[in-house]
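*Asks:* So you can see what is in the structure, the chains are spelled out below.
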Amino acid sequence: MWKRDEAVRPASGQPTAAPQPHVPASAGAPGPRSESTRSMEKDIVNIGKSVVIKGELNGSEDLTIEGHVEGTIQLRDHVLTIGPNGRIKAQVFAKSVIVLGEVTGNVTASDKVDIRDNGSVDGDIVSPRVAIAEGAHFRGAVDMQRKGVAPAQPKPGTAPQPAAAAPQGAAPAAAAPAGQRVGA
Amino acid sequence: MGLLDRIALRKGEPDAPDAATAVAVDPVFATKALRKFLTCLTSRESPVLLDLGPVVGSNVSFFGEQFGCKILVEDIFSDLDRHIRDAKIAELPAFLTSRFSHLSGAVDGILCWDIFDYLQRPAAQALADQLTRVLRPEGALLGFFGTAPAPGARYTKYIIVDEIHLKYRSYAAARARQPVLLNRDIIRLFSSLRVSDSFLLKNNLREILFRKPA
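Line order of the protein sequences matches chains A and B. Counting from 1, one number per residue, gives the positions in the first sequence under the numbering used here. Counting from 1, one number per residue, gives the positions in the second sequence under the numbering used here.
FYI, nobody ran anything at the bench for these hints, they're computed from the structure. Values in this document were obtained by computation on a predicted structure and should not be read as measured data. Here a beta-carbon is modelled for each residue, glycine too, at the ideal position from N, C-alpha and C. You may find that some hints are simply not true.
[What the hints assert, rightly or not] Distance ranges between label pairs, derived from CB positions:
| hint | chain 1 | residue 1 | chain 2 | residue 2 | range |
| --- | --- | --- | --- | --- | --- |
| 1 | B | Arg121 | A | Ser60 | 56 to 66 Å |
| 2 | B | Ser101 | A | Arg76 | 44 to 54 Å |
| 3 | A | Asn118 | B | Ala174 | 19 to 29 Å |
| 4 | B | Tyr168 | A | Asp124 | 49 to 59 Å |
| 5 | A | Asp117 | B | Pro213 | 38 to 48 Å |
| 6 | B | Arg154 | A | Val52 | 36 to 46 Å |
| 7 | A | Asn118 | B | Arg85 | 18 to 28 Å |
| 8 | B | Thr147 | A | Lys49 | 31 to 41 Å |
In isolation and in its complexed conformation, chain B is listed as follows (with noise of 0.2 Å):
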C-alpha cells in the first residue's frame, strides 16, 4: 500500500479527529471592556500588572511580550478552593486582608476576573478594599459580574484571543457562584473607586472597568 493510499484510510477513519469538533470546546465571547483597560495600562511605561486568576500563558505572554508589562500573578482562585477544602472558609475574609504584601498604589492595573461572583460578602469587602489599596491613582480595575445564576461549580478561564475576543474555559471549582451581585452592590464594594465603563453582554455577563481617582 502506498503512501497516499495510507493518507486516504486514515481521513476516513471514523474516529480520526474533526478540525470542528476538537475546537468546540471552549466558546470565544465578545469583550467590550479588555480594549479599554488596555488603553488605561499602557498610558505608562512599563505598566504592573496585577491578575487574580489561575495562570494563563498566553495571557502572560500578551501583557509582557505586546504591552511590556510586569505580571503579577495571584490566583484567588486556588486560595478560595484551598480554604473550602479545609473547612477554613471563615478565615478567608482574614486571610485576604493580609494577602497582598504589594505597596499601596503599586499596581497600574488589576484584571479581577470573576473572583467576587464566587465570594461571600465579607471576603468580597476584604479583597475589594486591598485591591483599593494597592491600585495608583488613576490605575485602572476591570471586573466581570455575573447577572443571572449558573448552575454548578465550575470556575472560568479567560484567555485572551485578541483585544476584542476572550476565551471561556471551565474547570472545576470548589464552590458555586454566589447570589448575583445587583449593581449597586457592587458600587459600595469599590466606594473608593469610579465606574469608568460598564457593558451588559449577551452571555449575561457585566463587564465593568474602574479607575481611582487621582
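Chain A extracted, bound-state conformation (with noise of 0.2 Å):
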C-alpha cells in the first residue's frame, strides 16, 4: 500500500511539475531532467558556460550567468546572477546583481550590487547598496544615490558611525592615538 504512494509521490515532496516543452533555449549544457526540473521550479534560468549571446538580453525571472553576454541586460524586477565563469561585456539593470565573474560595462541595480570574492567589475555602478568583498575587483565609479532622495550627510564628529566594527582586544588607544600636531 505505502509503495504505491511512494511511486507517484514526486521526489522533492512538491506537486509535479506538467511536463514543458519551454526550456530555456540558452540552456547551453543540459543536466540531468531532474535537475532542469528543480530550476523551472525555483524560476531561475541559467545561462550555461558553453553558450555566447551577443545582443539584448531581456527578462522578467532571475537569471544565472555563466557563459559570455555582449550587449545589454535587462531584468529590471530580478536578480541577476553573474556565475564564476560567467563573462559579461554588457550594460546592465537589474533589481539586483551579484558577481562572481568578470563584467565589464556599467551596472545599474535598483536595490544592491554586491561583487563576490574572486568576482570583478570594471565599469561604473550605480545602486543604493553596494557590497565588495576582500578580494573582489574593481575598477570604476560606484554611486549610491537614491534617485530624488537626498542623501543623509552625517557632520563629522557629531555623531561617529562605525563602518566596520573595530576588533576587541586591538585598542586604538594603545596603538598610537594623540597625533602630534607640527604642520602648519
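Please assemble the complex out of the two chains, which come individually in their own frames, going by the hints.
*Replies:* Dropping the structure here:
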C-alpha cells in the first residue's frame, strides 16, 4: 500500500510540474532532467558555460549567467547572478546583481550590487547598496544615491558611525592615538 | 552525548579559534586628518571622491551610504605592480600623466593613502600634477607619508573603522617603500596646493591634508 503511494510522489515532495516543452533555449549544457525541473520550479534560468549571447537580453525572472554575454542585460525586477564562469561585456540593469565572474560595463541595480570574492567589475555602479568582498576586483565609479532622495550627510564628529566594527582587543588607544600636530 | 556536552567539548578543543587571536591580525591606529577631510568633503552636496587605493568594500559603504559620495576607485598600487612586473617602470610617469581622464576640477576630495612612499620622484611628480589638476578649487587631498624606512615589500590597505580610526591591513607588494620623503619634498610635489593640516602620528606616519586654493 505504501509503495504504491511513493511511486507517484515526486522526489522533492512538491507537486510534479507538468511536463513542459519550454526549456530555456540558452541552457547550453542541459543537465539531467531532474535538475532542469528543479531550476524551473525555482524560477531561475541558467545560461550555461558554453553559451555566447550577443545582443539584448531581457527577462522577467531571476537569471544566472555562466556563459558569455555582450550587449545589454535587463532584468528590471529580478536578480542577475554572474556565476564564476560568467564573462559579461554589457550594460546591466537589474533589481539586484551578484557578481562572482567578470563584468565589463556599467551596472545599474535598483536594490543591490554584490561583488563577491574573486568577482570583478570594470565599470561604473549605480545602486543604493553596494557590497564588495575582500578579494574582489573593482575599477570604476560607485554612485549609491537614490534618485530623488537626498543622501543623509551626517556632520563629521557629531555621531561617528562605525563602518566596520573595531576588533576587540586591538585597542586603538594603545596603538597610537594623540597625533602630534606639527604642520602649518 | 547531549548537545550541551558537545558544546562544552568544542570549547575545550585546542584548535578552536580564539577570539583574541582572530582579531589580532589587523592593527587599528588613530587618524587625525580623516575627520577634517570629511568635513571638507561634506561641505558640498553629492561630493565626488577619488580613491587611489585598492577597493575596500566597507570604505565604499562608509563614503557612499553615510556621506552620499560618488566614489571613483583608481587603484594606483596595482598599476605600479603591473609596471614592475612587466619591467616597464620607466614608463610609469608617462602612464600616470595620461591615467586620469577626469575633467579638470571635477573631484572634490582625493584619498592618496601612502602611494607616494612607493613612487620615485618623476612618477610622484606626474601623479601629483594630475591630482592637482582634477581637484576642484577648495577641494581636499589627504596623503600619508612614512617618516622612517619600513622593511619588506608590503602595501597597506587602510580600512576605515570610524572617523578617527583606521585598520591597517598589509598585503604583498612588488616594491618596497622608496626613500622617505622630507616635508619640503612633499610640499614641492604639491606646490599648487596649500597644507591645511599636518599630523605626525606615533606610528611614524605623517598625515597631511592639502587644500586647493580657490
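*Asks:* None of the hints should be skipped; say for each whether it holds.
*Replies:* Consistency of the hints with the structure:
| no. | hint | result |
| --- | --- | --- |
| 1 | B/Arg121 <-> A/Ser60: 56 to 66 Å | holds (57 Å) |
| 2 | B/Ser101 <-> A/Arg76: 44 to 54 Å | violated (30 Å) |
| 3 | A/Asn118 <-> B/Ala174: 19 to 29 Å | holds (21 Å) |
| 4 | B/Tyr168 <-> A/Asp124: 49 to 59 Å | violated (29 Å) |
| 5 | A/Asp117 <-> B/Pro213: 38 to 48 Å | holds (43 Å) |
| 6 | B/Arg154 <-> A/Val52: 36 to 46 Å | holds (41 Å) |
| 7 | A/Asn118 <-> B/Arg85: 18 to 28 Å | holds (20 Å) |
| 8 | B/Thr147 <-> A/Lys49: 31 to 41 Å | violated (52 Å) |
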